[in-house]
Amino acid sequence: MSYSVTVQELIDQLGRLPGIGPKSAQRVAFYLLKAPPEDALRLSRAIAEAKEKVSFCDRCFNLSEGGEECAICRDPRRESRLLCVVEDSQDIVAVERTQEFRGRYHVLQGAFSPIDGIGVDQLRVKELMTRVGEEDVEEVIVATNPNLEGEATAALLVKYLKPMGVRVTRLASGLPVGGDLEYADELTLGRALEGRQLLDAGDD
Amino acid sequence: MQIRSLHLTNWRSYESSDVEFGDGLTAIVGENGQGKTNLLEAIGWLAGLGSFRGAPDGALIRIGADSAILRAVVVSGDGREQLIEAELPRIGRNRIQVNRQRLPRMGDLLGVVQVTVFSPDDLELVKGGPGLRRGWLDAALVSRHPKYGALRSDLERVLKQRNALLRSAGGRLDADAEFTLDVWDSKLATTGTALRTARVELLDEMVPRLGEAYDVVARRPAAVAASYESSWDDDLSAALMTARGHDVRRGVTTVGPHRDEVRLSIGAAPARTHASQGEQRSLALALRLGADSVVRASGVAQPILLLDDVFSELDPHRAAALLDALPRSQRLLTSAVGLPTPARPDQVLYVVDGAVRVAAA
Ligand SMILES: Nc1ncnc2c1ncn2[C@@H]1O[C@H](COP(=O)(O)OP(=O)(O)OP(=O)(O)O)[C@@H](O)[C@H]1O
Ligand SMILES: [Mg+2]
Ligand SMILES: [Zn+2]
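Top line first, the protein sequences correspond to chains A and B.
Residue numbers 23 to 226, in our numbering, belong to the letters of the first sequence in order.
Residue numbers 94 to 454, in our numbering, belong to the letters of the second sequence in order.
Honestly, the hints are just simulated from the structure, not real lab data.
From a predicted model like this one, the values you see are computed outputs, not experimental measurements.
Just so it is clear, CB atoms sit at the ideal spot from N, CA and C, and this is done for glycine as well.
You may find that some hints are simply not true.
[As the list claims (entries may be wrong)] Sample of chain B residues facing chain A (criterion: CB under 7 Å; computed from the structure):
#: 1; residue: A243
#: 2; residue: R250
#: 3; residue: Q254
#: 4; residue: A257
#: 5; residue: R450
Take the sequences, apply the hints, and build the full model.
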């Protein structure tokens, strides 16, 4: 059996979303068709409104609402000395939740992955280099994911940034806080051991 | 470790069956095509999250059914009893629970059930390509420590990424591509070197055990050797650099642990090309026994032994020698030709058309 053109179009559009295969697309489409009209309209309005109001920041490529630059780039209290490089905007939310970081960000919009056709040109690397050259950045903190692609991206950034004379650091990957050492899985514990740090007397 | 009971729903030829296993030696007998291997395959799946026959998960679900379910009670070395439940649906992800707790990642099951599988296909370890021997060695590494599983998947991913980059370069590299290739090369160099070091160490430990096992099952002692032949000398980074031009033209990575070989020989002759059928079969058994023995020696696992149809090819003397050489943990063997003559099983299970019956021993 085949669906009407209208229904098929809805399924096709949903199927183009990341992580949604043909089966899920069908399920979501039928859910929407059965839902009260207000619900479906609210979703379509939310999409339209977000697309209209939200764009990417000209400077750091974070999501930005109401302006060329995002709220963090516009905030004068943020230190421009420290620049934290992340893969995606969601990662900024995670770092911000710690309330530990008062510097600025740069979003690469992905990680280096030739399998997915993502190389230097697909990431915001050249833009990062321009910023490091023009802004008074002293330290770039590379906070890409602790997986293979994230590590490769970090190594790549080091290669590009080191010659520019800026300090480049990497987030340590280690043990979850609040967990018992005895319950940490071998891999996490192993990585934490590899990334161990020197404890000094504290008089710096 | 031990498996106490196994329930199967819509697994291969089984519609719904419950099997209780004794400790010691269990013989699973029945005519061809009745479901003996299917039963061992279910236990193997819980240990390795896949079929030891290499069948895709879809083939494990009974034809006409939507999902297969396995439920096993296992006892680990320290006496802890665990209930493992796995559901393999035709559509969607597999689901696994241990003691009624859903596992967040499938891989967390690895190591809960440990098995050593012997099958007639093992002959390929001796006769087949080098990938099978690398897989044999790596599987023993992973049984000893899960970090080697992570190392292997990192390596596979680096190779995929590097090869994708090589192919996209289309035969020539610009400056940016050289730069990015450097990054993958350095990842490949660290993971590759770590894997080779681990393999070589394990093989060193394995060789004397291989020799002993061979002498037992072959009943004609011979000097068995296994040597690691690497695709690079001592510096993988340098070797990758030397091969770079070649790799770029071919679009593949030509040095690394994925191109290494484990050479087996009996006496002075290479086993793959010179040994007789019987010698090759004995060596294949020795490879399984040797790997099982290094895993046991490390103390991390006391695997259940699954012997699928290995006695039909052995004369009674060699069958007796093999039975005798097996470690005294739980042993499950299948046979379509009745019991191997010298076997004195503690339990006999008859399999007829997907139903399992306990025979009065
Ligand atoms: N997904 C499935 N659904 C239904 N039946 C299946 C499925 N997969 C395999 N079978 C059946 O299971 C039977 C094979 O079972 P198995 O390989 O366990 O036999 P066996 O007892 O080990 O035989 P042999 O002595 O020949 O090795 C075959 O008849 C096959 O058709
Ligand atoms: Mg069989
Ligand atoms: Zn910004």
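Going through the numbered hints above, which ones does this structure break? Give me the numbers in ascending order. As far as the earlier hints go, only 5 is violated by this structure.
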